[in-house]
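Q: We have chain P already, so just place chain X on it with the hints.
This is what each chain is made of:
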Amino acid sequence: MGARGVPSRRAVLALPAAGLATAGLVTVTGCTGSRTDGPAEPAPVDLAAARATARTEHDLMAGYDAAMIRHPALAPLLGGLRAHHAQHLAAVAAQVPVLAAAASAEATRSAAPGGSTKPTPDVSGPTATGTPPGADDSPAGRASALAELAAAERTAADAHRASCLAATSGLAPLLASLRAAESCHADLLSIAGLAG
Amino acid sequence: MATIRTATAPAAAGSPTATLNARAVAALSALLAVEHAAVYGAASAGGALAPLGAAGRDARGLAATAYTAHRQLRDALIAVLLGADARPPAAQPAYTLPVSPASVPAALTLLAELDDRTAASAYDAVGAVTGPARELVVDALAQAALRAQRARLTGGVAPATAVKELPGRV
Chain P
1 MGARGVPSRR AVLALPAAGL ATAGLVTVTG CTGSRTDGPA EPAPVDLAAA RATARTEHDL
61 MAGYDAAMIR HPALAPLLGG LRAHHAQHLA AVAAQVPVLA AAASAEATRS AAPGGSTKPT
121 PDVSGPTATG TPPGADDSPA GRASALAELA AAERTAADAH RASCLAATSG LAPLLASLRA
181 AESCHADLLS IAGLAG
Chain X
197 MATIRTATAP AAAGSPTATL NARAVAALSA LLAVEHAAVY GAASAGGALA PLGAAGRDAR
257 GLAATAYTAH RQLRDALIAV LLGADARPPA AQPAYTLPVS PASVPAALTL LAELDDRTAA
317 SAYDAVGAVT GPARELVVDA LAQAALRAQR ARLTGGVAPA TAVKELPGRV
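As given, the protein sequences belong to chains P and X, one line each in that order.
Mapping to my numbering: the first sequence position 90 is 90, numbers consecutive.
With positions in the second sequence counted from 1, the corresponding number in my numbering is that position plus 196.
For reference, chain P alone in the conformation it holds in the complex (with noise of 0.2 Å):
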């Protein structure tokens, strides 16, 4: 994620001939190289924003472990998401310093990216024994489930988006991917409820 440089995802569509002043706007959008990794002292506003956004992460992470214990069959699209959080929480970290030595216990707590520590898909039914008990297994606690991840998606989209707006111009970037990565996750989880 911190290698940059994808020129052709920013250019804008191969122009026709050598185009009047767009060759100055083509320049303009490749310089992505300057995007610094943020300042060793970060705004107050920036560090205050880090953290919200790290505490937003560490519960959405929270949620999903606890989904996927209730719901194994959810696993493998339940662990993806969960490992988007983990990488979120990694590239606020590596912006903002202060917050890196949480991040990496969390790193490890969370070793393998793919979630291969979390509970495998299993499809045997409520009664499997990996199930805990009182947890509702069934077609409408799955969509009940999905339901409520998608909510904490949505809030979690909302804070990143007003965390951005009041970052500087070095942290905005990330808060406004991270608040379309979190729209994008509960789009996806509201699909999956409707197809479960």
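Just so you know, these hints were derived from the structure itself, not from any lab.
Glycine included, C-beta positions come from ideal geometry on N, C-alpha and C.
Mixed in with the good hints, there may be bad ones.
[As the list claims (entries may be wrong)] Restraint-style ranges between C-beta atoms, simulated for each label pair:
#1 X/A260 with P/L194: 17 to 27 Å
#2 X/T357 with P/T155: 18 to 28 Å
#3 X/T357 with P/D158: 38 to 48 Å
#4 P/A62 with X/P289: 50 to 60 Å
#5 X/A260 with P/S144: 25 to 35 Å
#6 X/V353 with P/D59: 22 to 32 Å
#7 P/G141 with X/D281: 57 to 67 Å
A: Chain X in isolation, oriented as in the chain P frame:
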């Protein structure tokens, strides 16, 4: 043409009192250039899908949504730039498409690519602007990421692959 209000066009975005520094003008102009190309590309996708019947129905819906959204973002960006006495770049007469929308899957790939480019350009603009202009590009990033994801899902891409961990950035 009648405009359909969405979150991509906050009322204050075109405020004539807005001032933009050179970096903001450059970033918004770059995003506008991407949007000109996206309007063209989404229209091409819709036109290619038009005669494909029921098989292309879902993709046609996505193309129409993308066309409308890219036009709205284009117009909102132009309003912001004109409001700051900057000169918005005009569209080219034609663009080379990254994918030829000759089939339903190809059209969906094109739509996803167009929105990935919008997301990337919006991401690049976020740090260059503040206030209503930042709201505009932040919301544009999220909406482009959502459309790209839906195009991938409709094209049969697995959910785990359709979703990006950091839209606009990776």
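Q: Next, verify each hint and record whether it holds.
A: Results of checking the hints against the structure:
1. X/A260 with P/L194: 17 to 27 Å: holds (22 Å)
2. X/T357 with P/T155: 18 to 28 Å: The hint (18 to 28 Å, Cβ to Cβ) holds, given that X/T357 and P/T155 are roughly 26 Å apart.
3. X/T357 with P/D158: 38 to 48 Å: violated (26 Å)
4. P/A62 with X/P289: 50 to 60 Å: holds (53 Å)
5. X/A260 with P/S144: 25 to 35 Å: For X/A260 and P/S144 the Cβ distance comes to about 33 Å; the hint holds.
6. X/V353 with P/D59: 22 to 32 Å: holds (29 Å)
7. P/G141 with X/D281: 57 to 67 Å: Check passed, 58 Å falls within 57 to 67 Å.
Of the numbered hints listed earlier, the single one contradicted by the structure is hint 3.
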